[in-house]
Amino acid sequence: MATEQSGTLPLLSEQNIVASRQLVRTLCQELKLSLVDQTKMITAASELSRNTLIHGGGGRMRWEFVERNGRRGLMLHFEDEGPGIADLALALTDGWTSGSGMGLGLPGSKRLVNEFDIASASGQGTRVSITKWK
Amino acid sequence: MDRIPILRMGDTLLVTIQVDMQDQTALTLQDDLSNQIAKTGASGVMIDISALEIVDSFVGRMLTSISGIARILSATTVVVGMQPAVAITLVELGLSLDGVRTALNVERGMELLRRSRQENSFGH
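Going down the list, the protein sequences come from chains A and B. Going by numbering that gives the first Met the number 0, the first sequence opens with residue 0, and the numbers climb by one from there. Going by numbering that gives the first Met the number 0, the second sequence opens with residue 0, and the numbers climb by one from there.
These aren't lab readings, by the way, just hints derived from the structure by calculation. Heads up, the beta-carbon is just placed ideally off N, CA and C, and yes, glycines get one too. Heads up, a few of these hints could be off.
Said to hold, decoys possible - Derived lysine to any residue pairs resembling SDA-like cross-links, with alpha carbons at most 25 angstroms apart:
#, chain 1, residue 1, chain 2, residue 2
1, A, 31, B, 95
2, A, 133, B, 87
3, A, 109, B, 2
4, A, 133, A, 106
5, A, 133, B, 10
As the list claims (entries may be wrong) - Derived contacts from chain A toward chain B, CB cut-off under 8 angstroms, selection only:
#, residue
6, 13
7, 71
8, 110
9, 113
10, 116
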């Protein structure tokens, strides 16, 4: 894995959420992120992996090392082909939940990373991309 | 699936979480602790999370639930040993662990439980 620049991890079971945390930790360490930044990125990955599994009915996490203006970063994409999110603005509101959670997953994860991008529509699945810069 | 062991020390139940838990493991721990409090009549629960490198909203919610359940069963819960990076991340995530008592380490946690027991026995 040490020399890979990108890869994919399936998110089809609870064990995969644990695996995603472990993979993201390894990737953050390769990027030499600070401990606090590592912790934030791993936590965000954990929240979004769970969203993909629970709300998206399973999917995958794609990862890639990126570079912009001489800075290196880690970008993660969480993708599913699930029911999608009808009202994105609402889903990004603190405390709003579709049911089981506390409604922190999306807005909370957004606060933990440098860049956050989401694309979703009813019936068309969801993709959330996050980036943490070194 | 891993099962987190629960130790009994006098009136206190002691849990040390040392593995990256699956969600189901966290839920099982919540059930096991609730049952153990009722069965043993423990007045205190100490949860050591010093080995945890992250606490996400699921584990945070589990800690809040355990504290609430224990309170209703007349036991005080204290969460000890949270790493600074975890605390910073939790606050930014938006989880304040309302109602969860915390202490820096096991020693201070024990002291907090001891005081809480005294207060209860004096009927405050």
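Each hint, compared with the structure:
no.	hint	verdict
1	A:31 - B:95	28 angstroms, violated
2	A:133 - B:87	18 angstroms, holds
3	A:109 - B:2	32 angstroms, violated
4	A:133 - A:106	22 angstroms, holds
5	A:133 - B:10	48 angstroms, violated
6	13	5 angstroms, holds
7	71	21 angstroms, violated
8	110	5 angstroms, holds
9	113	13 angstroms, violated
10	116	19 angstroms, violated
Consistency note: the structure conflicts with the earlier hints numbered 1, 3, 5, 7, 9 and 10.
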